[in-house]
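Colleague: Sequence:
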Amino acid sequence: MIYFRITGSIKVAETRVGLPGLFVKAYVKDTLLGSAITGADGRFEITSDFCEFLYLKSDIYLKLYNRNEGRLIHSTEKGIFWNMGRIDTFDVFILA
1 MIYFRITGSI KVAETRVGLP GLFVKAYVKD TLLGSAITGA DGRFEITSDF CEFLYLKSDI
61 YLKLYNRNEG RLIHSTEKGI FWNMGRIDTF DVFILA
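In our numbering, the protein residues as written are 1 to 96.
No lab work stands behind these hints, which were simulated from the structure alone. Keep in mind that a hint or two might mislead.
What the hints assert, rightly or not - The list that follows gives simulated cross-link-like pairs (lysine to aspartate or glutamate, EDC-like), each with its CA atoms no further than 16 Å apart:
#, residue 1, residue 2
1, K25, D59
2, K11, D59
3, K11, D30
4, K25, E45
5, K29, E69
6, K78, D59
7, K11, D91
8, K78, D30
9, K11, E45
10, K25, E14
11, K29, D59
12, K29, E77
13, K25, E77
14, K25, D91
15, K63, D30
Unchecked claim - What follows is a list of derived Cβ distance ranges for each label pair:
#, residue 1, residue 2, range
16, E14, S48, 30 to 40 Å
17, G70, D30, 17 to 27 Å
18, T89, V17, 14 to 24 Å
19, R67, T7, 14 to 24 Å
20, S48, E77, 17 to 27 Å
21, G70, G39, 12 to 22 Å
22, I73, D41, 15 to 25 Å
23, I73, E45, 25 to 35 Å
24, S48, T15, 30 to 40 Å
Here a beta-carbon is modelled for each residue, glycine too, at the ideal position from N, C-alpha and C.
Can you make the complete structure from the sequences, with help from the hints?
Modeller: This is the structure:
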C-alpha cells in the first residue's frame, strides 16, 4: 500500500485570509487523488491509503470549486507542484 497525505491552505493573495468552504481536489496525471473541504481558516487535508499513480515524487495539481455552485474557481494545473512527496504541504494564494 502507498499512503499519501496532502495538507495545505487556500488564501486570498492580497490579504492572506483563509477561504472557508471550498471544495479542493488533488490530481496527478489527470487522475483524482482525493478531495476535501477547506475549514474556517482555509486549511484542508487529503489522505488515502492507496494510489497507484503516486510515486515517491509526483507532479500534483489542485482544483478549487465553489462548494455551493460546484463551479471551478481556481486551478494550479498550469502551475503544477513539481516533485511533491507522499506527505507534503500546499499553500495556494488566489486573487479574490
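Colleague: Assess, step by step, whether the Cα of K25 is no farther than 16 Å from the Cα of D59, and give holds or violated.
Modeller: 14 Å, holds
Colleague: Taking the beta carbons of E14 and S48, is their distance inside 30 to 40 Å?
Modeller: 33 Å, holds
Colleague: Return holds or violated for the Cβ distance of G70 and D30 against the range 17 to 27 Å.
Modeller: Since the Cβ atoms of G70 and D30 sit about 19 Å apart, the hinted range of 17 to 27 Å holds.
Colleague: Kindly confirm whether 15 to 25 Å is satisfied by the beta carbon distance between I73 and D41.
Modeller: Check passed, 18 Å falls within 15 to 25 Å.
Colleague: Are K11 and D59 close enough, with their CA atoms no more than 16 Å apart?
Modeller: Given that 16 Å is the threshold and the Cα spacing comes to 21 Å, the pair is violated.
Colleague: So if I understand the rule, the pair passes when the alpha-carbon distance is 16 Å or less; does K29 with E77 pass?
Modeller: 10 Å, holds
Colleague: Next pair to validate is K25 with E14; report whether the Cα-Cα distance is within 16 Å.
Modeller: Given pair K25, E14 is violated - Cα atoms ~23 Å apart, limit 16 Å.
Colleague: Taking 16 Å as the top limit, are the C-alpha atoms of K25 and E77 close enough?
Modeller: Holds, because 11 Å separates the two Cα atoms, which is no more than 16 Å.
Colleague: Would the hint linking K78 and D30 be met if the CA-CA limit is 16 Å?
Modeller: 12 Å, holds
Colleague: Tell me if the straight-line CA distance from K11 to E45 falls inside 16 Å.
Modeller: 15 Å, holds
Colleague: Against the 16 Å threshold, does the CA-CA distance of K29 and D59 hold or violate the hint?
Modeller: Answer holds: K29 to D59 is near 8 Å, not above 16 Å.
Colleague: Starting from the hint 12 to 22 Å, judge whether the C-beta atoms of G70 and G39 obey it.
Modeller: Hint holds: Cβ distance 19 Å, inside 12 to 22 Å.
Of the numbered hints listed earlier, those contradicted by the structure are 2, 3, 5, 10, 23.
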